[in-house]
Every structure is written in structure tokens, then in C-alpha cells.
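Could you put together the complete structure from these sequences and hints?
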Amino acid sequence: MSNADIYHEMIVDYSRNPVNYGKIEDHDVTFHDSNPLCGDSIDIDLKIADNKVTDIKFHGKGCAICMACSSVLTEITKGKNLEEVRKIEKNDILSELGLEHLQAVRIKCALLSLKVLKSALYTYLADHLDDSQDIDKLKEDAASLY
Amino acid sequence: MSNADIYHEMIVDYSRNPVNYGKIEDHDVTFHDSNPLCGDSIDIDLKIADNKVTDIKFHGKGCAICMACSSVLTEITKGKNLEEVRKIEKNDILSELGLEHLQAVRIKCALLSLKVLKSALYTYLADHLDDSQDIDKLKEDAASLY
Amino acid sequence: MQSTQSLFENLRKDFPILQRTVRDNKPLVYLDNASTTQKPNQVIDSISNYYQNHNANIHRAVYALAEESTEVYEAARDKIANFINIKNRQELIFVRGTTEAINLVAYAWGRPFIKEGDIIVTTEYEHHSNIVPWQLLTQEKGAKLEYIGMDDNGELILDDLDKYLATGKVKLVTFSLMSNVLGTISDVEKIIEKCKAVGVLTLIDGAQAVPHMKVDIEKLGCDFFAFSGHKMLGPTGIGVLWVRKSVLETMSPFHGGGDMIREVHKYETTWNDLPYKFEAGTPNIADVVGFGAAIDYLTKIGMDNVRAHEIELTKYALEKLSEVKGLHIYGTKDISKRGGVISFNFADVHPHDVAQIVDGEGVAIRSGHHCAQVLMERLNVAATSRASFYIYNTKEEIDVLINSLNKVAKVFKL
Amino acid sequence: MQSTQSLFENLRKDFPILQRTVRDNKPLVYLDNASTTQKPNQVIDSISNYYQNHNANIHRAVYALAEESTEVYEAARDKIANFINIKNRQELIFVRGTTEAINLVAYAWGRPFIKEGDIIVTTEYEHHSNIVPWQLLTQEKGAKLEYIGMDDNGELILDDLDKYLATGKVKLVTFSLMSNVLGTISDVEKIIEKCKAVGVLTLIDGAQAVPHMKVDIEKLGCDFFAFSGHKMLGPTGIGVLWVRKSVLETMSPFHGGGDMIREVHKYETTWNDLPYKFEAGTPNIADVVGFGAAIDYLTKIGMDNVRAHEIELTKYALEKLSEVKGLHIYGTKDISKRGGVISFNFADVHPHDVAQIVDGEGVAIRSGHHCAQVLMERLNVAATSRASFYIYNTKEEIDVLINSLNKVAKVFKL
Ligand SMILES: Cc1ncc(COP(=O)(O)O)c(C=O)c1O
Ligand SMILES: Cc1ncc(COP(=O)(O)O)c(C=O)c1O
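Chains as they are written, first to last, in the working numbering: chain A, 7 to 152; chain B, 7 to 152; chain C, 291 to 704; chain D, 291 to 704.
Honestly, the hints are just simulated from the structure, not real lab data.
Beta carbons are placed, not taken as given, at the ideal position from N, Cα and C, and that holds for glycine.
There may be inaccurate statements among the hints.
A few chain A residues facing chain C, derived, Cβ under 8 Å [claimed, not checked]:
| no. | residue |
| --- | --- |
| 1 | 9 |
| 2 | 10 |
| 3 | 13 |
| 4 | 18 |
| 5 | 44 |
| 6 | 67 |
| 7 | 115 |
To be clear about the criterion: a stretch of chain D counts as covered by chain C if any three or more of its residues have a C-beta under 8 Å from a C-beta of chain C, and this derived list gives those stretches [stated by the list, open to error]:
| no. | region |
| --- | --- |
| 8 | 297-310 |
| 9 | 343-351 |
| 10 | 562-576 |
Shown next as C-alpha cells:
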């Protein structure tokens, strides 16, 4: 895959018209993180009811890859129950966009929002559960994404 | 000059039987310094009367070069007036012992006692004169020996 | 002029990496020189030669290799001192790079001298390495960090400096001689004049300046000066901190260890002479030697020629880039006030995406915050793309950049 | 055994400097390996190759060279982690050398955690780099520095440790795994057991140990561990600090600057993940790569073979040196408790004079205080001569040393 090929129609479109972009003022949980090396920065807000993600929005600054992946991630996440959200893996997003072979530096752009989502999730669970072992596992999950 | 040639009879003798080795309890000035790199360390005590060095002794730890040069230096110094002591140069000592071509690291062994003597002298002068410009020059002299 | 041009054409062959291709067999066009420069054979070989023939620890031993090693190490110090007109070699301390240099000052000068209520002044266009150490210091001491603002032309607003100096609380003014994002050359004469008038010390971050123009420390009149070897043909891992002797003599030691001591006893220690008091432990000997070789190389070209070459390239690049539709260039267009660093944004395309696509054409430019997030906030952008030049770059390479930007336009349908 | 011997005979050809002659055409006999070792072509070439083909700044850019450069840099981290059995690469911080590593701990852990009245325990046979940083810290904080004494055999008196631990005030025990003067291998298991029993942190100076024997950080159980690349075939300017994650997470940043931050704002900053939080500025990339090549080289030989080779040489040297009339050897004769470092004094001849005369025969040994003046005071000597071995040394070279000592005897009429 050549460098320019990464930027197919779908990615360019998502970058200009991201899906689920914005804030949820009465979110149940929100999380912010940034990529120390490139400066990409993402916030995700979640509404959660009955153990399900009923609404999700993201905002922040990032490259086309970051925006497209965040869009796809929020689309995948909306409506899922928390157990399903936990199980979302990096390839679920990358494959959706044909980015399986992205190089190491850009992987961090692609997965920043997944990291933020997982962090949001464990923040929520920590407040609402006391199954601490599981939370540690989730924390590790989030940290080991890249 | 090969390395072993440095160690002619005179140097070996001085190293075993240094001249003017010891302390002067009622010195008029004393100074201590050491060579940070090799650990050689020298004290010089001076008796001064009528602007003349009436007695001088040194003690400390050092290699044969250091001991021989300290011996020669004290021999040269004794009896000289302060103006003459000021004018003692490194070659006055090195040439006495045939050490003009000593390599850079060992030069510091050879000249440590001269540095201590000059420092002792400016300490004395600072206490007994107020010709501060001259003292600065002497200080520089001592510092620039090596 | 003819001969200078052929000088610059010829020197490319000294840089083996410039013969490389990247990605799909595209010739490398290296335009990230503000980040680090490539190295000529003369520098690479000087390091190999040191290890093959002279390697030994310095200063302490009497044997032949140690003597040679000490000699080449100290000779490099003299070369560097000479290059930027440092009169007293005791003032030149070897460090890992600009970052360590500034942190050394923050620890060894800042910790003893900065007190509650004091002010340290920096600028909005500093590199993180000239901001974060001062944040850490002022937070620890209850002092304040203030910023000289930047106007829309990318130049410092010196009225801000006047305002801070007027408080009488400023202890240090620290600024880069050239911005690593905008290329702005600071108005160093005015800044130092103002500071000197009220007896305030100045630190200059010379990381971007020393590689690209003649710098004369004596003439600048600052008190601290820092720069890195790897940004001027030298190896990674070596840089210089210069401190005016009268200030250096008041500073506490930084690292404790071998070589920086005079006498160590169990409960007290005395310090070695300058500059060794600040060079604890085995130094990066081989890279000091390599840095010396880089200085030789630049001296042979002549720093005025280096600057002239970069002015020519920068002019050409500014012209060509201005013609690209939708491309916005930051900073002044006045070539006399800027170096060969051009930051830009291209329509609504994120700099990472720009960099990625031009990389596909063999062009290496940087994208991101360039370790200058405070400046990004000031410019109100998340990031910029940045092309930066050095002695081996050519106008043809700038043409390749422009062509690759056209590819970006195509992909992003601009 | 046969094959190991030929292994060691063959590897000399990898070291170009060993083909050199010094002084009056004497073949070089390099016996100052405790100070720094020589470098094989594999290491020298890895550095050249990095600059010729992959040089770029790491971590931040998206272009091809930056990708390659980041990859080789981080691959070296993994190699080194693996070599000393560090399970979590986030715990491995690159520094200039052992001295910087220990100072980093004194600043980033010591300054926040050491309080008035606390005790830090070191030993009488430490290198200055494991004494002076603790003097500076304890003096600043009004804390106390205490020394574990050494018996006449050159071994630590662990009763002293018990005594200090019993006060309940000890916050850190710091010691070298192998003395750079006597070669003594510390009784690390006992020391760490005692400290762990009372929850006291331990720092190991591994500068002399890691190059010469298998070291397993996981098994040692200490909290901080430091060593230098240049003492184990690697380049100058690069070393490692390892800190147990649970401790590292409590530490303040050391240097502020690029790469160690997450987000920088004007008045506050957040930190990058480990280990980058402690690697500010452009690191010494090429020498990290070179260090990786040194690790490859040693791994191929096998550290058990390295140790076996040195035991053989040391045994032989101790035997031969014992036969020299008037020569006094310091430290234990028990070969299982010592490495290949032999300190001695020769009648009343000062070590500098010994070193100078043997240098005339091509033999490089160290003389002086070896950055261990506290130990010199303990031994009641001004200095010692020191011969130290590495993988390329041979018995024949030890014979040359012995012959050159006979020359000393002749000159000084012993
Ligand atoms: C035991 C010990 N610790 C620390 C050091 C200091 O290492 P470096 O000079 O590489 O910082 C040395 C070497 O000189 C040593 O032998
Ligand atoms: C202006 C400026 N200051 C400081 C630095 C930091 O230099 P280094 O990374 O070599 O420590 C840089 C380079 O990144 C720079 O451009």
C-alpha cells in the first residue's frame, strides 16, 4: 500500500465530515487524552443507560486517519452493551477502513480514540462497579493498545 | 625521551629522599592543593622575613616526578625575595630535572608544587599588600600554569 | 559566487544517506533539518577513527592511548570555542544537547538563586526545552514564569519584556535566537541591551541559530548559551552549554561523580576546576570528537556561505509555496529576519496527512507541534507542516516538494 | 572448552585498536578495561551504518527515515532489556552513563522523598558517582549519609548495614555489584534480603558487573539499577537506568523538554508515558544503536563464557603478580568473590611512576585513586596501580605486564 493509497474516498470524506462529532452536555462519562508525539487530542462523551451506550460523541483535533477512525469507532460503539464495547479491538476499526498495514507512527493516530473510549469505560466502571480486578484488566488493555 | 628515561638517578633519589620535606609550625603562610585527576596533594609552608623567603618546607603525597620537582622548587625558592619567587617559571624546575618534554598528564604532577607556591604567595601578598592588581595577575599566573 | 555554488553542489557526495531511496524507490529529499541534520563522511569517519585508533578514558591515565584521547577531546573543545568565539575554554561545558544544557542551568543556577516571587521570562515561540524546565523551577520555588508575546508577523513584542523588567523582579530572560517553527530570528541586540540595562541575566537557546549563521558569543553579550551538535552535522548525544565565567563561578555542581571533584572525603567534597566541575562521569568522548569534525566541515564552508545558501533556498521556497493555492505560510516574509525554516498549513488538510503523502514521494518534512505547543496555541492551530533546509539541499528538491504537494491537493480534492 | 578458547583467540581480530603499537613501536597491551573497553568493528560499523542509512530524529515524524530510526532505537531498548532480564521495557531509561543514572535517581526520586533525619547508606568501596550525588542530596535535605565498612579482605561488613537499618531511618541502600578497584563482588543476596525485610529501597551500581557476568535484574530484586555502555564494548555517551515500575511511577520528572511531555500549556504541563517521561530532548540515538550491537556481540559469546575467561586470566595474573617481589595486591584472593580487576602497589614506587614505566613497554594500566578516594583513605594509600581484563586479553599480555614490572624494579632499584 503506497502512502497516498491510504487516503481513499472514505477517509477523506470522514475527515471532512466526521460522524458523531460534538459534545454531549449531560454525558454519564467523558474522557480526554492526547498523543504526546503528534499533538492529536480527543475527547469522548458517553451516555449510558441499562448497561448500554445510548449515545456517543467525540471532538478534538487530529489528522484524517484519526478523524476517520474516531467516526468509525463511535458508529460501532453506539447501541452496544458495555461488555461488547470492552471487546472492541483495534482491528475492528482498522479493517473497516482498510488500514491494517498502517505504519507504527500512524497507528497511534488511528487508535487514539479507541484508547480514549476504553479509558472512559473504565472510569465509568470504576464509579459504578467494584469489580476491581476487571478494571485493572481494562486499564491494561487501554495502555497496551500501542 | 622514552618513558623509563625520565626516571634518572636524580629523580629516583629525590623521590626517596625529598629535600625540604616537612612542616614549619610557625609559618607565615601555608597553602594546600591537589590534583583532581591523579590525587597528588601538596602543602607548602613558608617563613617570610624582610620580603624574603627565609624558610620553606613541603609535605604531601605524590609520585616521583612530583616529589623531585617539589624538592627542586623548594631549593630554588629558599633565600629568594618575593619578587624573584614571583618570577619562577615552570621551565626553571623542569629543566633542572631534564623534564622539558614531559607529556601533558605528567606536567600536572611536575607543576603542582609550583602552583601551590604561587597560591601561597598571593595569599600572603593579599594579606600584606593592597596592590590588588598585581595579586590578580599572580592569581592568573597560578591558574594558567597548566 | 560561481565557486560557492559549485561548493554546495559538490558537498552532497559527502553525505552517503543522500544517495538513498525511500518508499517506492523515490530519491530521498530530506527537509527536516531543523529536527536533525544528516552527517558527512568526515564526521562519521572521525568517530570510527577514534574507536579504531585512540579510544581510552580521558584525563586520568598516563598511558599513550589516554594521552591521545584526552588530546583529541580537548582539541574539539578548542575548535568549538573558536567557532562561536568563546574566549575562555573553561566556560564551555559538554552536555547531551540543548535540552540538558537548559536543565543544567535550571538546576545548578536556578535552584540556588531563584526565590519566591521572582520572575523568569521566556517567549511564546520557545521549544518545550526552554519552557518546561522553567515551569518546573518556578513551580518549585513559588516564582513566576512570564511570556513575551508574538505579533502576527511572528516577531516578539518587546513591549512585553519592558513591562516585566519594570517590575524589578525578573531574574532571567530566556529566548531562542531562531524559532524552530517560524524561523524568526530574534532581535537579540535589543533584548540583551534591555536586560543588561537593569542587570538581568539572559539565556540564549542557540539550537537553531548556530547551525545556520555566524554566531559570536562575545558580541551577543548573553550569560548562558546552549546548542546541539546533531543539528549541525554532528553526532547525536552531544551539545554545548556556555556560561559566562563570573556566573559559572557562582553555580552549584549539577551531577556528582568522577572527574568533577577535587577531593572526596566521606562527608565532604571539593570541586574540580571549570569546566570539569560540570562534566561528571565519563563524557561522550567519541561524539565530542565527531562534533569537532563537524565544526571543521562547517568552518571550511564558511558560515556566511551557509547563510547565503539558505537565504537563496528559502527565498525560492517561499516564492514557490506562495503559488500553491490554499497554502498558508506562517511567520515573516522578510528574509533578513528569518532562517531556512518554513511552517505552513495546506487548506483543511491536517499536517500529518500532508507529511504522509509527501513522504510517499520521498520527501521528508515534519508535521505536528514541533515541541512548541505554546506557539501552536498562539497560532490557534493544532499543528503545522514544516520544511527546513541545510547546506546540501537544492532548488530541485524544493521543486519535488511542490510537486508532492500537488499530489496532496489531488488526494484531498482541493 | 577447546571451542571457547578458540572463540576468544579469534575475537581479537574484531578489535582494530588491538593491532596498534604505541610508544617505541610496542604492541598495545590494553589492561584498563574497568575504565573503558575497546570496541569491535561490529559496534563501530553499526554506528556508521546508522548515520549512512537511517539517521533521523525519532518518535515524532511520519517519514520513512524517522520510522526506521525509531525502530532501531526501540529495538536496542528491547535487546538490552532482554540481556539483563528486564520484563517491562517501560522501566528502562537511556542516560549518558552510570553517573547520570545515579544523579537522576538522586534528583527525581531523592529530592521529593528524602527528608531531614533520613539516612542513605552507601559503602566504603564505592565509585565517586555513588557517593557524591548522595552527599549533595543529604546535605541539601539535612539527611545523613552512612557507610558500610570494608574488612581487610576487601569485603563489606554487613553488620554495619544491620546497625543502620535498625535505626528505622534508612530510605535507600546503594552499593556497587562489583568494586572498580578491588574487584570484590558484593554479597547482593544478603544485602537485598536485609533491606527488603524492612522495606528499604536498594540501588545497585552495576557499572562493573554487567560487562563481566550474567546479571538478572528480576532475580536481584533491587529497585534501581545503573550501568554504562562504554564499559561493555559499547560507545561512550550511553548508559541505562532501570527503575522498578512501582517506584518509577512515584518519581518527579528530571529534565524538562521535548519528548517527555504529553501536553504543554503556558502554565502547566502533563507528562508522557514511561520511560519517555525521563528521556527529555533528542536522545543519543546512534549510540543507543551501537550499544545494541555491543549487546548482540556479548550475547553471541555468552556471559558465562565471558566470566569463565576472566576467571582464568585473573587466576593467572594473581599467581604471576604474587611472585613479583615487593608487590602488594589488595582485596580477596578468592576468585569466586572477585572479578578481573587487580589493584596493587609495588614497594615504595608511586603508582603513577609504575604506570608510566610500563606504558613505555606498551602496557596500559591505570594508576591513581580510580574515583574511589574514600576507599583509598580506608586502605590508607594515596593511590594504587590497577590492571583490569576483558574478553580480548590473553595470558601472554599478562606476561608482558610482568616483564614491564621488572623494568620498574630495575629503574627504582628494588
Ligand atoms: C563502579 C563504577 N560506578 C560508576 C562508574 C561511572 O561510570 P560512568 O563514568 O560511565 O558514568 C564507574 C566507572 O568509571 C564504575 O566503575
Ligand atoms: C529551538 C530549539 N531548542 C531546543 C531544542 C532541543 O534540542 P535537543 O533535542 O538537541 O536537546 C531544539 C531542537 O529540537 C530546538 O529547535
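Verification of the hints:
no.: 1; hint: 9; result: 3 Å, holds
no.: 2; hint: 10; result: 5 Å, holds
no.: 3; hint: 13; result: 5 Å, holds
no.: 4; hint: 18; result: 6 Å, holds
no.: 5; hint: 44; result: 5 Å, holds
no.: 6; hint: 67; result: 4 Å, holds
no.: 7; hint: 115; result: 6 Å, holds
no.: 8; hint: 297-310; result: holds (count 3)
no.: 9; hint: 343-351; result: holds (count 7)
no.: 10; hint: 562-576; result: holds (count 7)
The earlier numbered hints are all upheld by this structure, with none contradicted.
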